[in-house]
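**Q** As a plain string of letters, each chain reads:
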Amino acid sequence: MLAKIKEFLGMEAKPKELASKEEVEKVAEEKARPRIGYVHLSGCTGDMMSLSENYDILAELLTNMVEIVYGHTLADVWEMPEMDLVLVEGSVCLQDEHSVKELMEAREKAGLLVALGSCAATGCFTRYSRGGQQAQPNHESFVPIADLVKVDAAIPGCPPSPEIIAKVVVAVINGDMDYLQPMIDLVGYTEACGCDLQYKVVNQALCIGCGTCAMACQTRAITMTDGRPELNSARCVKCGICYIQCPRSWWPAEQINKDLGL
Amino acid sequence: MVLGTYKQITLGRSTDKEIQKISQDGGIVTALLTFALDEKLIDGAVVAGPSDEMWKPEATVALSSDEVMAAAGTKYTISPNNWVLKQAVRQYGLEKVGIVTIPCQTMGIRKMQSYPFGVRFLADKIALDIGICCTENFPFESLKTFISAKAGVDFDLVEKMDIGKGKFWVKTQDDLISFPIKETHGYEQNGCKVCLDLVSEMSDISTGSIGAPDKWSAIQVRTDIGETVFKQAVDAGAIELKPIDEGKFGLEMLTKLAKSKKEKAMKEIDRRKAMGLPVPYKGSSEKEDPLANV
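First to last, the protein sequences are chains W and X. For the first sequence, this note's numbering gives the first residue as -14, with consecutive numbering after it. For the second sequence, this note's numbering gives the first residue as 169, with consecutive numbering after it.
Worth flagging that the hints you see were computed from the coordinates, not collected in a lab. There could be a bad hint or two in this list.
Stated by the list, open to error - Below, in silico cross-link-like pairs of lysine-lysine (DSSO-like), each with a Cα-Cα straight-line distance of 27 Å or less: (1) X:K441 <-> W:K185; (2) W:K243 <-> X:K455; (3) X:K333 <-> X:K185; (4) W:K243 <-> X:K318; (5) X:K361 <-> X:K318; (6) X:K410 <-> X:K383; (7) W:K185 <-> X:K435; (8) W:K243 <-> X:K175; (9) X:K175 <-> W:K185; (10) X:K293 <-> X:K318; (11) X:K339 <-> X:K328; (12) W:K185 <-> X:K339; (13) X:K312 <-> X:K293; (14) X:K441 <-> X:K455; (15) W:K243 <-> X:K450; (16) X:K254 <-> W:K243; (17) X:K383 <-> X:K339; (18) X:K361 <-> X:K410; (19) W:K185 <-> X:K410; (20) W:K185 <-> X:K450.
Unchecked claim - A few chain W residues facing chain X, derived, Cβ under 7 Å: (21) L79; (22) E148; (23) A151; (24) V154; (25) V155; (26) C195; (27) A199; (28) P232.
No residue lacks a Cβ here, since even glycine has one placed at the ideal position from N, Cα and C.
Using the sequences provided together with the hints, build the complete structure.
**A** Have a look at this one:
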């Protein structure tokens, strides 16, 4: 997997430097532009909007660094070409043959397939779907894309923050595999829920009541009561962010020390 | 490395008489925050402020020196300060937030800054993280129990609580009662048992009473941000310094306690791993330095 990503980038791991416009421009000049596709399944376009909030690097990224070769809103193409990397937004509806076909085809034609956003990664809000609604009453079953195809990396979030997307882009440019490891590990986290805090942290005697989960929750479904997270399940969209941000779920100490210069 | 990476270690105390009166030890946290607010290095700070209930802190956004002063002094129970960070940035619209944290809270913040998966435009607003030394934390009901049962004091009469010299101290208007810290064991929150960090190794500036004489604090200046703020505060005379004692009651004590917290936690981490329970840290056999916070 690591080798595959490096090969895709056509680079060896370089010393990890801070993100900078100069760095981005330098890479742009040196490298062949990777061919990127964007597959939009059952998601709200929030992930793409978040991506596009990276104004400072976006123009450079799109014009000189990558080539967008496929995507409903990004490229005027009907036939899916071969791609180095495809970003998938949205979960996949099992009853929608077009979505299933597009996802399968993307897997075949892409070197790397990345779940961008929690709908693709965990199913997120679409987990609540039960069908029986217009315009397609039989569209009932929405699942994370990893249920159907092999996923190489996941960037959960509802939406993922503009910063994490930028950090991933920079890590990819720098061949910083250490930074990307959590995204590879998160591929397996497809059944997310605010109740993970109870099952995987509190029940496991790991909670310290720091409040990071409640701060991270993007729908404010979590409050802190008597030093423990309390979930309002009616607000939970099952994006997984609370558990992912919890300092007791996984702990990237080396990365943090590096970022802090310690 | 038992005390983490730091640029400077020193003793210090606030030069402000008002702060000295209300502070737990040297008043370093209060002095730094009021200085940073006055100098506009931060435009607000998340602190464990007072709530309606005596001794039960409420994570609060303080916008003035007075509000910071109102939050002075240690509360030996949980205050989910990280939660309120979002409020500080979204509701209050702060651009430069200071925050007071215990080691685990610093970990949550630093992880969010390095991997802000779902946290939008908040990581860059944290201008100063002041970490407090922490041996363990207690649920509020635990605290109540041992104040009333072990110290035999009405909770409402307590004026100050403190941990030092191996004892838990409870001060009322008339009395100073203490009991061995050992007797609080079994009341601490369980998540603390795997914690490898006594001295807030990842904060910008960390401080605590261990290794310092009465009314002084031991301070570690860690990051570039921490160094800038600390130097300004010292130069402006908000904090006075003196070298930390290298000996038994100084650096030696701090190192000893930091090491023993790590060793105890490593034992628990290894025990949990052997039972197949999850824990985010590596087992002692999996890392080069068994005491590293990884």
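**Q** None of the hints should be skipped; say for each whether it holds.
**A** Each hint tested on the structure:
1. X:K441 <-> W:K185: The hint holds at about 15 Å.
2. W:K243 <-> X:K455: Given pair K243 (chain W), K455 (chain X) holds - Cα atoms ~18 Å apart, limit 27 Å.
3. X:K333 <-> X:K185: holds (25 Å)
4. W:K243 <-> X:K318: violated (45 Å)
5. X:K361 <-> X:K318: Judged against 27 Å, a Cα distance of about 22 Å means the pair holds.
6. X:K410 <-> X:K383: The given pair, whose Cα atoms are some 13 Å apart, holds under the 27 Å limit.
7. W:K185 <-> X:K435: Holds. K185 (chain W) to K435 (chain X) sits at ~21 Å (cutoff 27 Å).
8. W:K243 <-> X:K175: Cα-Cα ~15 Å, so holds.
9. X:K175 <-> W:K185: Measuring from Cα to Cα gives roughly 37 Å; hence the hint is violated.
10. X:K293 <-> X:K318: violated (43 Å)
11. X:K339 <-> X:K328: holds (5 Å)
12. W:K185 <-> X:K339: violated (39 Å)
13. X:K312 <-> X:K293: Roughly 36 Å separates the two Cα atoms, so the pair is violated.
14. X:K441 <-> X:K455: Since the Cα atoms of K441 (chain X) and K455 (chain X) sit roughly 14 Å apart, the hinted pair holds (cutoff 27 Å).
15. W:K243 <-> X:K450: holds (18 Å)
16. X:K254 <-> W:K243: holds (25 Å)
17. X:K383 <-> X:K339: Given pair K383 (chain X), K339 (chain X) holds - Cα atoms ~16 Å apart, limit 27 Å.
18. X:K361 <-> X:K410: violated (33 Å)
19. W:K185 <-> X:K410: Since the Cα atoms of K185 (chain W) and K410 (chain X) sit roughly 45 Å apart, the hinted pair is violated (cutoff 27 Å).
20. W:K185 <-> X:K450: With Cα atoms ~17 Å apart, K185 (chain W) and K450 (chain X) stay inside 27 Å; holds.
21. L79: violated (26 Å)
22. E148: The hint holds - E148 (chain W) has a Cβ within 7 Å of chain X, the shortest such distance being about 5 Å.
23. A151: violated (10 Å)
24. V154: violated (14 Å)
25. V155: violated (13 Å)
26. C195: holds (4 Å)
27. A199: The hint holds - A199 (chain W) has a Cβ within 7 Å of chain X, the shortest such distance being about 4 Å.
28. P232: holds (4 Å)
Checked against the numbered hints above, the structure breaks hints 4, 9, 10, 12, 13, 18, 19, 21, 23, 24, 25 and satisfies the rest.
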